[in-house]
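J.: From first to last, the protein sequence lines stand for chains A and B. Under our numbering, think of the first position of the first sequence as 82, with each following residue one higher. Under our numbering, think of the first position of the second sequence as 8, with each following residue one higher.
Just so you know, the hints here were simulated from the structure itself, not pulled from any lab data. Please read all numbers here as calculations on a predicted model, not as lab measurements. Where a beta carbon is used, it is the ideal one built from N, C-alpha and C, also for glycine. Treat each hint with caution, since some may be false.
[Unchecked claim] Calculated lysine-lysine pairs in the BS3-like style (CA-CA distance at most 25 Å, straight line):
1. A:LYS252 x A:LYS194
2. A:LYS268 x A:LYS116
3. B:LYS124 x A:LYS251
4. A:LYS116 x A:LYS321
5. A:LYS116 x A:LYS323
6. B:LYS28 x B:LYS124
7. A:LYS268 x A:LYS323
8. A:LYS252 x B:LYS124
9. A:LYS254 x B:LYS124
[Stated by the list, open to error] Calculated Cβ distances over 10 Å to all of chain B for the following chain A residues:
10. ARG86
11. GLU104
12. ILE105
13. PRO106
14. LEU138
15. VAL154
16. ASP155
17. GLU220
18. GLN222
19. PHE229
20. ARG243
21. GLU246
22. ARG288
23. ARG318
24. THR334
25. PRO371
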Amino acid sequence: MWENRCKVAVSGVGFSKVYRSAEIPLANLALDAVKAAVEDSGLKISDIDGLSAFSALSASGHDVVDGIAIVSVDYLRRMLKLPTINWLVQVQTAAEGGAVMQAANALLAGICKYVVVWQAVHVPPGSYKNLPGAYASGEAQFTGPYGFGGAGEPRHAMAYMRYLEQHNQKKEKTATLVVTERKHGNKNPNAYFYKTTLSREEYLNARMISSPLCLYDYDIPVQQACALVLTTAERARDLKPKPAYLAGYGQRTVFEEPGRFLYSVPGMADYMDFGRSSSSLTWERSGFTPKDVDVAQIGDNLSSTCIYGIESYGFCGRGEALDFIQDGRIDLDGELPLNTFGGAASVGRIHGTAHIIEGVLQAQGRAGERQVKNAKVSFATGGGAIAAATTFIFVGDPY
Amino acid sequence: MTISDWSKVKRPIPVPDDLTKPFWEAAKKGVLELQRCQSCGRYNHPPEPTCTICLSTDLKFEPVSSKGTIYSYSIKHQADQRFSPVVPYACLVVELDGTKGAVLVGNLLEAPYTEAKIGRRVEVIFEKLNDNITLPQFRLVKQ
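Looking at chain A on its own, in the form it has when it is part of the complex (with noise of 0.2 Å):
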């Protein structure tokens, strides 16, 4: 187990607003998400010297303007004009649970005292691109030319195709995840579907874009940021929220992959390899089993991934989580609660720190009408399509 378990805890979170559309430019909903989770601590803006966040596009091919499309670490660094800051990065690798893992590495290595981790995340103007412009290059000029791109990302819906057939699966049994999701959003004042139900005919009649996935498979393009405040464990004791004591994490470890903009897609190929690395290094850490885990956020981009993160970090056997996700398992009071807060099918694509985010609140019995009894150990992951995965077992009691 890991000697430093329980050493480092997240404090207070905090959400912006949430917009269809960049009415409101995204560096102020980045500030607003991080003053949020610092009031949520019991802290003062000026308390926080880290900074960690992954800030990417919502979508490829678009511009990356800085204050506008992401919020980098540099440019919310300007904005806060913190008196101190002893430490400060902006991650590429593990994605946004891996800004998470990095704050988690800097107060353990003791060189800060209170850090802030954010993610922001833009609707582009116009339609998404996914798709080159007259020319396609790199790994584009296989894929471009033949129409394999622009929305629904061709990629991840042939890998679900391919995940049906091998495994002898009906696809309309995927209306349990995402209509449960929904029922959870309901429940989730932050979530862009907070206050739109979804029924299962809704999502058996929706229309397709990319076969097999449909309209709902998707997770809806919307303009907001969350942040979460990071310290040590008995810094994190003096302030106001009972403290999420992270138990462990992991990253995924497994990269080889031929064929890379294929093949990296989980589905395609041996997706169990992806799910393990990252879930198998969080188990060793903390000690814990899935069979352990009372409540569970896993990354849902798109239906599909967090079906094979089911399967994948150890929740059931391969080819069964169609199977395992039905008859109430995954609802609030089910064996497994599953994407409590709703899931990116109700809060929209902020990516990965919402389930992060909502695996602290558990943990910290803080997710009010959603939460979950007895809630010990709370898994999380950060960083969709299992691909870029992360994940973490939080835990609102030391141990």
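Add chain B to chain A, keeping to what the hints say.
T.: Below, chain B alone, put in the same frame as chain A:
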């Protein structure tokens, strides 16, 4: 069921680079060649600077079978506007015979998109884009 008219589509034009030039040179001649590791026999596509399996740099382009199997597919019902004349259309991922592990993306031509099924047999045909680029494509093998 109609077959899409691809003549109205304005396809992005591939830009060959140092790694991929041999692929496009062969395609221009109506031949499919993939990069093959001379140490372990592995085919790499897209071409890589080192073998993805054994890391050898002894890599050469070799002709491969023009027949293969649909590994997976997706029907695009929503697409970039340049492809709207052919929506819905089939994007295929094809595993060519004898090249286990290497897959190629293509469209299903000369057939309605509904004919795309995992496991179906296809063969390579070539679609000239301009004087520099000829695009490998797929059609069903006539049974």
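J.: All the hints need checking, so say for each whether the structure fits it.
T.: We went through each hint and held it up to the structure:
| no. | hint | in the structure |
| --- | --- | --- |
| 1 | A:LYS252 x A:LYS194 | violated, 48 Å |
| 2 | A:LYS268 x A:LYS116 | holds, 23 Å |
| 3 | B:LYS124 x A:LYS251 | holds, 16 Å |
| 4 | A:LYS116 x A:LYS321 | holds, 15 Å |
| 5 | A:LYS116 x A:LYS323 | holds, 19 Å |
| 6 | B:LYS28 x B:LYS124 | violated, 31 Å |
| 7 | A:LYS268 x A:LYS323 | holds, 21 Å |
| 8 | A:LYS252 x B:LYS124 | holds, 15 Å |
| 9 | A:LYS254 x B:LYS124 | holds, 21 Å |
| 10 | ARG86 | holds, 36 Å |
| 11 | GLU104 | holds, 24 Å |
| 12 | ILE105 | holds, 28 Å |
| 13 | PRO106 | holds, 28 Å |
| 14 | LEU138 | holds, 17 Å |
| 15 | VAL154 | holds, 31 Å |
| 16 | ASP155 | holds, 32 Å |
| 17 | GLU220 | violated, 6 Å |
| 18 | GLN222 | violated, 4 Å |
| 19 | PHE229 | violated, 5 Å |
| 20 | ARG243 | violated, 4 Å |
| 21 | GLU246 | violated, 5 Å |
| 22 | ARG288 | violated, 7 Å |
| 23 | ARG318 | holds, 48 Å |
| 24 | THR334 | holds, 16 Å |
| 25 | PRO371 | holds, 29 Å |
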